[in-house]
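Please model the complete structure; the sequences and the hints are all you need to start from.
These protein sequence lines map, in sequence, to chains Z and A.
Under the numbering used here, the first residue of the first sequence carries the number 4, and numbering increases by one thereafter.
Under the numbering used here, the first residue of the second sequence carries the number 7, and numbering increases by one thereafter.
Mixed in with the good hints, there may be bad ones.
Quick list of simulated restraints, FRET-style, between CB atoms [said to hold, decoys possible]:
id, chain 1, residue 1, chain 2, residue 2, range
1, A, 52, Z, 287, 38 to 44 Å
2, Z, 722, A, 52, 56 to 62 Å
3, A, 239, Z, 613, 36 to 42 Å
4, A, 196, Z, 287, 43 to 49 Å
5, Z, 527, A, 153, 47 to 53 Å
6, Z, 722, A, 153, 58 to 64 Å
7, A, 83, Z, 613, 57 to 63 Å
8, A, 199, Z, 66, 52 to 58 Å
9, Z, 675, A, 248, 29 to 35 Å
10, A, 222, Z, 153, 39 to 45 Å
11, Z, 178, A, 258, 18 to 24 Å
12, A, 248, Z, 153, 39 to 45 Å
13, A, 196, Z, 675, 56 to 62 Å
14, A, 171, Z, 821, 53 to 59 Å
Heads up, simulated PhoX-like pairs for lysine-lysine below, C-alpha to C-alpha not over 25 Å straight-line [to be verified]:
id, chain 1, residue 1, chain 2, residue 2
15, Z, 526, Z, 888
16, A, 228, Z, 772
17, Z, 751, A, 242
18, Z, 744, A, 228
19, A, 228, Z, 539
20, A, 228, A, 52
21, A, 228, Z, 566
Simulated from the structure, these hints should not be mistaken for lab results.
The beta carbon of each residue, even a glycine, is placed where N, CA and C say it ideally should be.
Each chain, written out:
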Amino acid sequence: MRERLLIAWGRIASRYPGRVIIGAVALTILAGVMAGKLEIKTSFADSLPANDPMALEFQRILDEYTSSSNSMVVIKGPEADIKAFAEELAPRIERIDTGMWQKPKNPLVAWLRHKLGREQEAPPPELLVKRVDYKLDMDFIRRHALMLVKARDLANMQGMYKDLNLVPLLTAINDNFERTYVYDEESLSNKSKENEAVVFLDGLGQWLDGMTAAIGGQSSKADARRRVERLLLGQPYLISHDKQMLLLIVEPSFSVVDVNKCIASTEIIQSMIDEAEGRYPGVTAGLTGTVPLGRDEMVYVTADMKLTSSVGIILVFALFALSFRMWAAPLLAALNLVLGIVLTSGLIALTLGYLDLGTSMFAVILLGLGIDFSVHIIALYNEFRGQGAKIEVAVTESLRRAGAGVITGGLTTACAFLTLMVSSTRSIRGMGAVMGMGVLCCMLVSIMVLPAFLVWREKLLARRGKKYQRPSIVEFAFLGRLGGEISGRPALYLLLAVGLTAFFIYQASHSEFDYNYLNMEPKGLESVALQHEIIKVFDLSPDFAMVTARDLAEARRITEAAKDLPTVSMVNSLTYYIPSPQEQARRRPYIKQIAEYLSASGGARALRQADLPALAEQLRRLEDNLYEMGQMAFTGGQDKVDAKCQEIAGDPEDDASGGKLGLLNDALVRDRGASARGLSVFQEHYLPVMRQTVARMANPVAIELADLPERIKRQFFNDRADQMLITIYPKGNVWDVEFLKRFSAQLKRVDEKITGLPPMFLNYMDYLKEDGRKATGLTIIVVFLLLWFDFRSVRFALMAMLPLVVGAIWMVGIMESVGMMFTFVNVMGLPMIVGIGIDDGVHLLHRYRIEGKGKIRTVVASTGRAIMLTSVTTMACFGALLLAKYRGLASLGGLLTIGVGACFLSTVLILPALLGLWEKRKN
Amino acid sequence: MSRQSIVAGVLAGVVSLAGAGELSGPEIIKKMNELMNQDSAEAKMKMTIQTSGGQLRTFLYHTYSKDRGAKNLMRYLKPSRVKGDAILMLNNADDIWAYFRRTNRVRKLASHAKKRKLEGSDFSYEDMGSGDAFIEDYESVLLGEEKMQGERCYKLELTKKPESDRSYSHLVVWVAKSNFVALVIDYYDEDDPEYHLKRLVCSEVKEIDGVPTATKIVMHNKEDNTQTLMEIVEMKLGVELPDNMFTERGLKSAR
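In structure tokens:
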């Protein structure tokens, strides 16, 4: 039946090639029009199942809060310079808009628009940035600082404000120190508490430096004000502990799924950075975060696609030209493929309506897959024409002999893809549907339109009076000899296949999966390098998790639970600005007491030489406290606290290193008179400032939501102001899956609603595993049933599948042997290998059934040549992906190239041997 | 579990193996606990921790234990920076003091420090000084037998008693059938019993004073993805240790 249909179509195509082509072109134009409506979805959330609660929550947050994505400007250099750089850059970044970015235009489209007088008007500029965070809102903090301090800490510190003169102040600091840090090991028990300790030590160090400078006669009111603020309020900037790196967090006004705006904002900010760097010679700055990473990924993938598809096309063209000794063959195959791809696009628009990140490269993949059908038909057509057959005979015979294989091959490949539609993940389901439709379209076009193209070409040549030249057929005679040799000694070659398979099974058992997603990005990418640097310096990864709270009580519960997690570096929450009413009530008496102490405390008293021993005693006590704190940090493995303690109190293992306290003590001893005078001046300068600052901080009035500055509220609330966002920054690299698993597991215990790219990525992997298991099982069953139906023989169906199974084992073994790992991107190639790998065996067996017994040599020589050519062209297409800078694509290219090659080799080794063995037994 | 218990989940002793096959969960734990909590012990140990900056840091210290692990004293020997500093844990780590040799000061640590990490390690103070906690704080059930670390082991589940204030909801313990040494202990979170927090692995069992003793103990922290290695360099069991050694005064005096 199938054979009769193929022959009938062969006759129609050879008699009416023009009508067939016109019909196909008309259909293609229609499909092209429909394809124009295709939507591109780039959100990662679109990859997960539509009903996945985490994806739904993520999408909701994306819709309601733009703070779900960010850019980070990383500024490095001397402290003063990086602060000045940030101060200059931040307001400029806040004003950037779409009008400042010129989208690169396609010159052809621009020329056409110009000619047609339909030049596009530029849309009104849109602001690209909502906010830039790089320092705390100090005004609010100054007014409410003590209400934000825990009651226990207030109880410890209240003594500090009884008398602000140097000796009593230092005595109180020592008392407080011993209560807070030395006696209470919990004070350093987690990351945020360790950071708080470092901030306090930093302020203390600055204060001691101020005393040393004052003894040297260098003291001023402005300097004293700065030191008071550092001691009481800490550092307002997002700056590293060594003060060499500063962060600017840019919150966009768009979400990360808006690719054009990602590119625009990243490029505008980068140009501002480049320009500012010129004015600050000691400063270097760069961009990272979800937005720049998204932009880099898009830019590199687009460039890679252009490069690899161009190289792929050139290689295929060259291979065709070399194999068929004719230029028309690749052109006709390419034309055929274009029709197939456009028809597929139209079908996708009609059925799915969109392409996502994975399916958007379907055309490139179809280039590798769809060309195969043409190869089989053109190879046979040329063979018959070369033998002197007439056009119609050549067309019908090539369709009769290759058509069955092409249809079965196409159907099995399409089924392998279509079974992916049982997947729960939308991206895999989409890929299955798109690739399945694509393969079917290319197969149908090859069967129905390609013969018409071949005939039309010959008629065109004849009309121009050109004499038909018989194509010089490249025989690949060695294939025939190889087929004869293998089928002649089947046991030997089957043993060889078993040996190779055993070796590759052993190799495959060592194969590993690279769980680090950042390893998929191009090498040397600044945004990735900076991300690693931020993790190292700030113990903070820019890829955060998110959760929303309906009220402050829920936000407090989540915040408190999250910040104690060992995998969490920082929690950004509104609740830091507004403690619970009960907690505020507990704090109020201490704040009032501090205010009373402050009003009762006297003014600055001149420091006499006689007071210096008492001062020295407090400095010695402070040194002891810092030494003990440093020792506990050293044995506790808290490097930053230890380093700060050493900075102030000196290196315990080096007697010559006295730190800031050593310098101060030296200055005190050197000139007692100057010390007393200088420190008296210092007291006069700082005391009124300190009193005024603490008086403002000691505000006992309860903080209400309405008191919060709009800027802070906007950072956390959604547009309806009925829910607030809490962002949780991990302290490790979330693209290291082992860390990600711990981070996600710990977050789940905090709140079930937690979402964000890191936990979603983990979910996605779980879905992928489940889908992979389901789809593989189903694919094997469906392909087997299809082959059984096609061959009407279980034996032949199993024989056709065997090279695929063996080829897949060889592929994994070879990957391990050449040091390749499985990655998140290249595992997507596994279903393709099932679809592609099955074809070689199907074609070989079909031809064998047509040629009959004793014709193994002929089958391997003829069909073997075609499957070698299809394998080589497919390998060339996929191999071109190895040139991609985006390492994920390169890993996909590597897997597919090895996989296609392995399936071809296993087919030509195993099938002739099996057929030879079978024939021998029958004989 | 006392330091010496970890040291020798270590400390397996002269145990009659007769009728071992019919032992119940509580009986196995009792035998294991008897071995783990020797009356007194003295050891030189090496501990390697991972710092917050990702570096490995190794400490050598002397440790003394009395009253079946209820009293513990550890005094640092290396590196030179901490030589002479010491930690004293009394009442099964309910009371903890730190001594700093250079300042010659003793500091009492907060009582809740017991659930915190010991000196940056993956052991908590509670892990190090828990005396008869296996019996007093947990109900034990024998789950079956299983091979672990190449040894036939009893597998037991220890569930926290409602009145206990221990930090773990339950433990799963693998006890070697041959000598009742605890070879592996899994610790599960107090609030989320499904959450596997840590795993203790004891290996390199050697005879010390006639007692088979695991000389290499590793605590794997699943939450932080860190691990702490403890190795016994020297050990003596049944040593005479004066009571005044386990006092604030004793803490200050080098032994």
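For each hint, the structure was consulted:
In this structure, residue 52 of chain A and residue 287 of chain Z meet the distance hint of 38 to 44 Å, their C-beta atoms being roughly 43 Å apart. Hint check: residue 722 of chain Z to residue 52 of chain A, Cβ distance near 59 Å, so the stated range 56 to 62 Å holds. In this structure the hint that residue 239 of chain A and residue 613 of chain Z lie 36 to 42 Å apart at CB is violated, the actual value being about 54 Å. In this structure, residue 196 of chain A and residue 287 of chain Z meet the distance hint of 43 to 49 Å, their C-beta atoms being roughly 47 Å apart.
Checked against the hint of 47 to 53 Å, the C-beta distance between residue 527 of chain Z and residue 153 of chain A comes to roughly 48 Å, which is consistent with it. As the Cβ distance of residue 722 of chain Z to residue 153 of chain A is approximately 60 Å, the hint placing it in 58 to 64 Å holds. At about 45 Å, the beta-carbon gap between residue 83 of chain A and residue 613 of chain Z misses the expected band of 57 to 63 Å. For the hinted restraint 52 to 58 Å between residue 199 of chain A and residue 66 of chain Z, the CB-CB distance of approximately 37 Å leaves it violated.
Distance hint check: the CB atoms of residue 675 of chain Z and residue 248 of chain A are about 49 Å apart, inconsistent with the given range 29 to 35 Å. Under the hint 39 to 45 Å, the C-beta atoms of residue 222 of chain A and residue 153 of chain Z, about 42 Å apart, fit the expected range. As the Cβ distance of residue 178 of chain Z to residue 258 of chain A is approximately 23 Å, the hint placing it in 18 to 24 Å holds. Range check, residue 248 of chain A to residue 153 of chain Z: Cβ separation about 42 Å, and the 39 to 45 Å hint holds.
At about 58 Å, the CB distance of residue 196 of chain A to residue 675 of chain Z agrees with the hint of 56 to 62 Å. Evaluation of the 53 to 59 Å hint for residue 171 of chain A and residue 821 of chain Z yields a pass: the beta carbon distance comes to about 57 Å. Annotation: proposed proximity of residue 526 of chain Z to residue 888 of chain Z holds, straight-line Cα distance about 7 Å (limit 25 Å). At most 25 Å may separate the alpha-carbon atoms for a hinted pair to count; residue 228 of chain A and residue 772 of chain Z meet this at roughly 23 Å.
For the proposed pair residue 751 of chain Z and residue 242 of chain A, the alpha carbon gap of about 46 Å is over 25 Å, so the pair is violated. Simply put, residue 744 of chain Z and residue 228 of chain A have alpha-carbon atoms about 10 Å apart, close enough for the 25 Å limit, and the pair holds. A C-alpha spacing of about 21 Å is found between residue 228 of chain A and residue 539 of chain Z, which places the hinted pair at or below 25 Å, so the restraint holds. Annotation: proposed proximity of residue 228 of chain A to residue 52 of chain A holds, straight-line Cα distance about 22 Å (limit 25 Å).
Restraint check for residue 228 of chain A and residue 566 of chain Z: the C-alpha separation of about 18 Å stays at or below 25 Å, so the hint holds.
This entry does not satisfy hints 3, 7, 8, 9, 17, going by the numbered hints stated previously.
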